[in-house]
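Chemist: From just these sequences and the hints, can you work out the full model?
Counting the sequence shown from 1 gives a position; the numbering used here is that position plus 226.
None of these hints come from the bench; they were simulated from the model.
All the pointers check out, no bait thrown in.
Pairs of lysine-lysine residues, derived as BS3-like cross-links and limited to a Cα-Cα distance of at most 30 angstroms, are as follows: (1) Lys341 <-> Lys279; (2) Lys333 <-> Lys348; (3) Lys308 <-> Lys279.
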Amino acid sequence: MLGLARSNVSNSIKELLGWRLIERVPILGDRRDHFTAETDIWEMVTRIAAGRKAREIDPAEAALKACVAHAENDPELSAGAKARLGEMLDFVTEMSRWHDEMLHVPKPALMRLIKLGAGVTKLINWRPGKGKDVR
227 MLGLARSNVS
237 NSIKELLGWR
247 LIERVPILGD
257 RRDHFTAETD
267 IWEMVTRIAA
277 GRKAREIDPA
287 EAALKACVAH
297 AENDPELSAG
307 AKARLGEMLD
317 FVTEMSRWHD
327 EMLHVPKPAL
337 MRLIKLGAGV
347 TKLINWRPGK
357 GKDVR
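Modeler: This is the structure in structure tokens:
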């Protein structure tokens with residue numbers, strides 16, 4: 227009816243199941259597979275973000291940790307390169323920690339924070355030149 231190959235549909239369903247965005251729902255008397263999709267947009271976004279972090283950020287953080295450990299004992303590597311690796315690891319680790327903390331913020335509070343946008347700088351009393359600029 228949709229003009230899609232069964233294999234493409236099957237692979238797509240497996241992927242959605244893997245991301246936990248859909249689940250199998252049995253229907254009494256019907257042997258076919260039926261599925262229902264997650265309806266809570268917050269839950270969907272949280273699952274997708276957690277999946278992306280696990281597939282992309284966590285391995286990058288582990289690789290950076292290994293590079294930093296290896297670089298400490300490499301006399302041929304410049305101090306600047308070692309410092310840059312350390313800064314990259316610190317940044318990725320801090321962003322990973324922030325992501326994990328945001329998962330525990332209640333949805334209404336997180337929505338208020340999101341709506342503040344750049345206005346959050348007023349809340350924390352931050353001004354350019356005051357404190358460390360991350361740019």
